[in-house]
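Participant: Those protein sequences? They're chains A and B, same order as listed.
Mapping to the working numbering: the first sequence position 317 is 317, numbers consecutive.
Mapping to the working numbering: the second sequence position 211 is 211, numbers consecutive.
In case anyone wonders, no lab produced these hints; they're calculated from the structure.
Be careful, since some hints might not be right.
As the list claims (entries may be wrong) - The calculated lysine to any residue pairs, modelled on SDA-like cross-linking and capped at a C-alpha distance of 20 Å, are:
| hint | chain 1 | residue 1 | chain 2 | residue 2 |
| --- | --- | --- | --- | --- |
| 1 | B | K126 | A | G323 |
| 2 | A | K89 | A | G146 |
| 3 | B | K286 | A | V375 |
| 4 | B | K399 | A | M145 |
| 5 | B | K399 | A | P159 |
| 6 | A | K223 | B | K399 |
| 7 | A | K371 | B | A145 |
| 8 | A | K194 | B | E436 |
| 9 | A | K59 | B | R260 |
| 10 | A | K357 | B | E346 |
| 11 | A | K370 | B | D290 |
| 12 | A | K293 | B | I86 |
| 13 | A | K371 | B | D284 |
| 14 | A | K371 | B | A285 |
| 15 | B | K204 | B | A145 |
| 16 | A | K194 | B | A285 |
| 17 | B | K141 | A | V375 |
| 18 | B | K286 | A | S372 |
| 19 | A | K59 | B | N253 |
| 20 | A | K371 | B | I283 |
| 21 | B | K450 | A | P118 |
| 22 | A | K194 | B | P403 |
What the hints assert, rightly or not - Just a few of them, taken from the derived set where beta-carbon distance is under 10 Å, the chain A residues facing chain B:
| hint | residue |
| --- | --- |
| 23 | E57 |
| 24 | V60 |
| 25 | Y65 |
| 26 | L96 |
| 27 | N217 |
| 28 | V335 |
| 29 | E369 |
| 30 | D379 |
Just so it is clear, CB atoms sit at the ideal spot from N, CA and C, and this is done for glycine as well.
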Amino acid sequence: MNLEELLSSFAGADEIELENVTIDTEELILKVQQALIASGMPSVAGVGVSPELAPLEYKVPIREYKGSVAEVQLGATKSEGGTRKHVVKLGAQKSLYWFEGGIVNRPVVTFDVFDVAPPLPRAIREHVEDVWHDPAEWAKKAVKMGADLVTIHLTSTDPNNQDSSPREAAKTVEDVLQAVDVPLVIGGSGTPEKDPLVLEKCAEAAEGERCLLASANLDLDYKKIAQAAIKYKHNVLSWTSMNINDQKSLNRLLFDEGLTQDQIVQDPTTGALGYGLDYTYSIIERMKIGALKGDEELQMPISCGVTNAWGARESWLNNDAWGPREHRGPLWEIVTGTAVLMAGADIMMMLHPLAVKTVKDIILSMTGEKKSRNVRYEDWLTV
Amino acid sequence: MARLSPMDVYKALPGINCKKCGVDTCMAFASKLIEREMTPADCPPLFEAQYSEKQAALIKLLSPPVKEVVVGSGEKAIKLGGEEVIYRHELTYFNPTGLFYDVDDSLPVDEIKSRVSAIEDFGVDKIGRTLKLDGVAIRCKTGDAASFGEAVLAATETTELPLILCSHDSEVLEVGAEIALDRRPLLFAATPDNWEKIVEVALKNNCPVVASVPGDVEGLLKLSRNIRSAGISDIVLDIGTNTVGDGLAETINNLVILRRLAVEEELAEAMYPILGVPMVAWIDAKSEIDAGFEEATIAASQLLRFCDALILHSTEMWQNMPLLNLRLNIYTDPRVPVSVEAKLYEVGTPDENSPVFLTTNFALTYFTVASDLEAAKIPAYILVADTEGLAVEVSMAGKKITPEVIQDIFSKSGIEKLVKHRKLVIPGVTARIKGELEDATGWEIIVGPKDSSMIPGFLQKTPIA
Numbered sequence: 001m002n003l004e005e006l007l008s009s010f011a012g013a014d015e016i017e018l019e020n021v022t023i024d025t026e027e028l029i030l031k032v033q034q035a036l037i038a039s040g041m042p043s044v045a046g047v048g049v050s051p052e053l054a055p056l057e058y059k060v061p062i063r064e065y066k067g068s069v070a071e072v073q074l075g076a077t078k079s080e081g082g083t084r085k086h087v088v089k090l091g092a093q094k095s096l097y098w099f100e101g102g103i104v105n106r107p108v109v110t111f112d113v114f115d116v117a118p119p120l121p122r123a124i125r126e127h128v129e130d131v132w133h134d135p136a137e138w139a140k141k142a143v144k145m146g147a148d149l150v151t152i153h154l155t156s157t158d159p160n161n162q163d164s165s166p167r168e169a170a171k172t173v174e175d176v177l178q179a180v181d182v183p184l185v186i187g188g189s190g191t192p193e194k195d196p197l198v199l200e201k202c203a204e205a206a207e208g209e210r211c212l213l214a215s216a217n218l219d220l221d222y223k224k225i226a227q228a229a230i231k232y233k234h235n236v237l238s239w240t241s242m243n244i245n246d247q248k249s250l251n252r253l254l255f256d257e258g259l260t261q262d263q264i265v266q267d268p269t270t271g272a273l274g275y276g277l278d279y280t281y282s283i284i285e286r287m288k289i290g291a292l293k294g295d296e297e298l299q300m301p302i303s304c305g306v307t308n309a310w311g312a313r314e315s316w317l318n319n320d321a322w323g324p325r326e327h328r329g330p331l332w333e334i335v336t337g338t339a340v341l342m343a344g345a346d347i348m349m350m351l352h353p354l355a356v357k358t359v360k361d362i363i364l365s366m367t368g369e370k371k372s373r374n375v376r377y378e379d380w381l382t383v
Numbered sequence: 001m002a003r004l005s006p007m008d009v010y011k012a013l014p015g016i017n018c019k020k021c022g023v024d025t026c027m028a029f030a031s032k033l034i035e036r037e038m039t040p041a042d043c044p045p046l047f048e049a050q051y052s053e054k055q056a057a058l059i060k061l062l063s064p065p066v067k068e069v070v071v072g073s074g075e076k077a078i079k080l081g082g083e084e085v086i087y088r089h090e091l092t093y094f095n096p097t098g099l100f101y102d103v104d105d106s107l108p109v110d111e112i113k114s115r116v117s118a119i120e121d122f123g124v125d126k127i128g129r130t131l132k133l134d135g136v137a138i139r140c141k142t143g144d145a146a147s148f149g150e151a152v153l154a155a156t157e158t159t160e161l162p163l164i165l166c167s168h169d170s171e172v173l174e175v176g177a178e179i180a181l182d183r184r185p186l187l188f189a190a191t192p193d194n195w196e197k198i199v200e201v202a203l204k205n206n207c208p209v210v211a212s213v214p215g216d217v218e219g220l221l222k223l224s225r226n227i228r229s230a231g232i233s234d235i236v237l238d239i240g241t242n243t244v245g246d247g248l249a250e251t252i253n254n255l256v257i258l259r260r261l262a263v264e265e266e267l268a269e270a271m272y273p274i275l276g277v278p279m280v281a282w283i284d285a286k287s288e289i290d291a292g293f294e295e296a297t298i299a300a301s302q303l304l305r306f307c308d309a310l311i312l313h314s315t316e317m318w319q320n321m322p323l324l325n326l327r328l329n330i331y332t333d334p335r336v337p338v339s340v341e342a343k344l345y346e347v348g349t350p351d352e353n354s355p356v357f358l359t360t361n362f363a364l365t366y367f368t369v370a371s372d373l374e375a376a377k378i379p380a381y382i383l384v385a386d387t388e389g390l391a392v393e394v395s396m397a398g399k400k401i402t403p404e405v406i407q408d409i410f411s412k413s414g415i416e417k418l419v420k421h422r423k424l425v426i427p428g429v430t431a432r433i434k435g436e437l438e439d440a441t442g443w444e445i446i447v448g449p450k451d452s453s454m455i456p457g458f459l460q461k462t463p464i465a
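Please take these sequences and the hints and turn them into a complete structure.
Facilitator: And the structure:
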């Protein structure tokens, strides 16, 4: 019997029972269809095979998770022993994706401010040139440009920079705290022998403000930083270099010092777009999934230095063939930020005002606070 | 989906170790099939009648939860989908998101041709390779089948790149598909209203089809099933794309839902590649710059949320460079090591007067420096220090580039015997540790440029020997 005859024999049947046959349905349908076309018969629907085969069994795939991310509060109001008007809460997710559990605490953006500005790419310089010799004014401008909080990098304390003293650094922190009412991240200069001393002094000066001390890592006296955080009521950034096992080890060591999950933010290091972002992306995904599976050493919010995007030559190099760098640079930071945000970052340290605005727009899209433009999807065909 | 083991696959092979595939054993061939280094077609006995059951079993076994759909023909054909995992760290992503750029049929033929050429010729160098765009999406803006046909003809005369033919009108698509016969264009799109007619066009011309139901996952799954039931096996899903705002969040959520249903629940209707249209940013856009930023932002988020193909408008370099780099990063095989061996490398044929550069053993850093020196034809030595696979700036911040590490590679490499001079060029961002390095090596330390692309100009101003 050829296929055509077979099909026509089906025509009057209500039910067809097949015994002891294995059929790859996709294959059969395709062959039937081809046979029909070849024989000039009407389409499948026309021979009485309804396209609505069976009710569609489909449920929105929402998962149950055993663990959750701790909530870390940055900043303290007057009643909490600080002077901040706004506080920022990070983490507290109980699920992986936005549609599974809603946004508990929306991710935030912190603007980088330096006490002594490093050589900055032109695209950024032009936005902060008027304030970059005064960290307090710079911080104010950052808040105006949409920062949820401000990071003050005390680069001047580097012995190879101005070698300014911990006391001088603490004065800068006090000035910035005076100038703005958002929470503060306090960053050292990346000098292992000095950062603990600087952060300790700054922690003392900012006692009770629940700042984020940036950062403890495996190459310096993290104990001193942890103890300063406990004594003066701050949080600690636990920073490692793209290695999830190191991250777990350092977090464990910080627990041993007496810090709890709600006082630690983790930073697995952000590689720039095109230069290691893939490692960062996957480590963050693994950290978030690990936290939700119940790994206590990973159940803390995640911070990302999105500013590292500017380390990529494509972001700043003047090259006519690459198009205008005043667009290319911020977009480099935007794409880097979008990637870590979607991987699961809770706090993003950023530099360019347009990048800050765009990444915040995505965050506000997630929360529903930003509405999409009212356009009809199909119109792209004829725009 | 659990990852296949070579034993699973072996069971579906003839098991006769005939070596016709070029591999010694069927078991070894099984491993190559899993890694997609070879395909069932490489096993001739499998296609003998006696093994037909095994053949069917093997093909079923090797089908990924996201079907691989080929668009285009010949060398430039592109594979969409074929993915096995949701998270790249679980294995790897296989087929990079196809980037298609629009052209519309209201343009004069010569403009269509020049835009298509621009899409085809677009390229940007990245460590010795060229990042390219993948295809052309031809839109029927006029609503007129004849105009569309002319545009498709102009495109096929200009390029071999894969095509997406875009209209909701089956007559328009039919004209286009007939002109692009043998090019296997993707038809955009079948909707709940027109799908039966579009399917006819697709069957007649052997084209893959996009099923499009914006914002309605259930509607899309039903449509996908209807199209499949009608005999189309190469389907691409389109759940719509919204502009930045709450709508984009909905788009992203739907993308996750679709891919989860495919990979984790193996729901047949969802097991197809997904297409996104960041080009929606251009509808009612305030300015070209605004639209460019919004389009890139949407594209980045869709690329990160499993889209296997995107239709974009802007071919501006500043906009596409970040996207191409993102695609490169995300589709890099995470199983490939991060670092190169820390040792002395040579570029060209260096002699005793050649400069010596220091860099880190992050693979990308090393390859960037090496390719810059090669491009500038500068014979040189590159001392690669063991920074545990970290890039230069991160190594500095993380204290992985230290006098001890440098001293170690210095003594191991024997560089002192290879050059007469005693000058080491270090990366610009490591200027801070110049003094320490001088103490550690006893050499004169020269702070090089911040970026290795500037080395040629730097050497002119600062001759080494």
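Participant: Which numbered hints are broken by the structure, listed smallest first?
Facilitator: The structure breaks hints 4, 7, 10, 16 and 25; every other hint is satisfied.
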